[in-house]
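A.B. asks: Residue strings, one per chain:
Protein chains: 2
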Amino acid sequence: MSVTFAEGLSKSDLEDRLVLAPRFDASGLVTCVVTDAESGMVLMLAHMNAEALAATIETREAHYWSRSRNRLWKKGEDSGHVQDVVEMRVDCDQDAVLLKVRVRGTGASCHTGRVSCFYRTVPLGDKVSPDLALSFADADRLFDPANIYGKTSG
Amino acid sequence: MSVTFAEGLSKSDLEDRLVLAPRFDASGLVTCVVTDAESGMVLMLAHMNAEALAATIETREAHYWSRSRNRLWKKGEDSGHVQDVVEMRVDCDQDAVLLKVRVRGTGASCHTGRVSCFYRTVPLGDKVSPDLALSFADADRLFDPANIYGKTSG
Numbered sequence: 001m002s003v004t005f006a007e008g009l010s011k012s013d014l015e016d017r018l019v020l021a022p023r024f025d026a027s028g029l030v031t032c033v034v035t036d037a038e039s040g041m042v043l044m045l046a047h048m049n050a051e052a053l054a055a056t057i058e059t060r061e062a063h064y065w066s067r068s069r070n071r072l073w074k075k076g077e078d079s080g081h082v083q084d085v086v087e088m089r090v091d092c093d094q095d096a097v098l099l100k101v102r103v104r105g106t107g108a109s110c111h112t113g114r115v116s117c118f119y120r121t122v123p124l125g126d127k128v129s130p131d132l133a134l135s136f137a138d139a140d141r142l143f144d145p146a147n148i149y150g151k152t153s154g
Numbered sequence: 001m002s003v004t005f006a007e008g009l010s011k012s013d014l015e016d017r018l019v020l021a022p023r024f025d026a027s028g029l030v031t032c033v034v035t036d037a038e039s040g041m042v043l044m045l046a047h048m049n050a051e052a053l054a055a056t057i058e059t060r061e062a063h064y065w066s067r068s069r070n071r072l073w074k075k076g077e078d079s080g081h082v083q084d085v086v087e088m089r090v091d092c093d094q095d096a097v098l099l100k101v102r103v104r105g106t107g108a109s110c111h112t113g114r115v116s117c118f119y120r121t122v123p124l125g126d127k128v129s130p131d132l133a134l135s136f137a138d139a140d141r142l143f144d145p146a147n148i149y150g151k152t153s154g
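Chains D and B, in that order, give the protein sequences. Mapping the first sequence onto full-length UniProt numbering, position 143 (from 1) lands on 143, and the numbers just tick up by one. Mapping the second sequence onto full-length UniProt numbering, position 113 (from 1) lands on 113, and the numbers just tick up by one.
Keep in mind that a hint or two might mislead.
A pair counts as met if it fits within one copy or between any two copies, since identical chains are not told apart.
[Claimed, not checked] Straight-line C-alpha distance at most 25 Å; calculated PhoX-like pairs for lysine-lysine:
id : residue 1 : residue 2
1  : K100      : K74
2  : K74       : K11
3  : K127      : K74
4  : K100      : K127
Derived by calculation from the structure, the hints in this document are not laboratory data. All of these numbers come straight from a predicted model, not from anything done at the bench.
Please take these sequences and the hints and turn them into a complete structure.
C.D. replies: What follows is the structure in structure tokens.
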């Protein structure tokens, strides 16, 4: 792999300069927040290594690093739910990126078949205990994951 | 610390059941995406340990774990930019949470003084190289960080 980004910037240069110098963690990853380009809804959270980040920038299609499968993963490669990237942002200290995407196929980004991975609400104001009950914000599945993935995900 | 969440759920129970069972990583953290409750804009990304997650749920004010300062951190404790949590979601495999917040004070969530940490855009479609130039999506600072933090952040 011959992907090269800028390296070795000071904290103030990372924050203030207009140079992409991603700070990959000990596992070689940055965190990626994915939102819907039209609605702004947060769809999912994923990780990118240098190769996934470069592939996303160059192809305008979201690529991630699958920590469970330990390999580069083009989102939608199995399911058809490719994410076309409309805009990419990087955060202040350059250890996270934000994608604004349009999702192909059914429009689902969650492997459970839902539009977003964040489909359950946590109650606020209660004392925390092991039986704290969630509620569904969106229980609808746009596809049946068993039909698309079998036992895999993505 | 006596915070207790449910533990030991199977993958399908984590995804399908209405039980909060956060999967903290090897460092004891979950990732937290923070959005503006009105606009939906992604403001920042942070981390929570069990104590920060419980404090956020119970007080409805965002608490995080500061990896740089290695301590619990109530957002806005120094700057006044407290984040009042309107809604909290958890993702499919429960290793990430989403907060929808209203920000007090100037409305800035980034320690650089900007509304959002994601104030720079990454160009798409170009070949990646060490001199890939970013552009400012929002350069405006709502406060001067030197006046509020001195040398710290938060």
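A.B. asks: Does the structure break any of the earlier hints, and which numbers would those be?
C.D. replies: none
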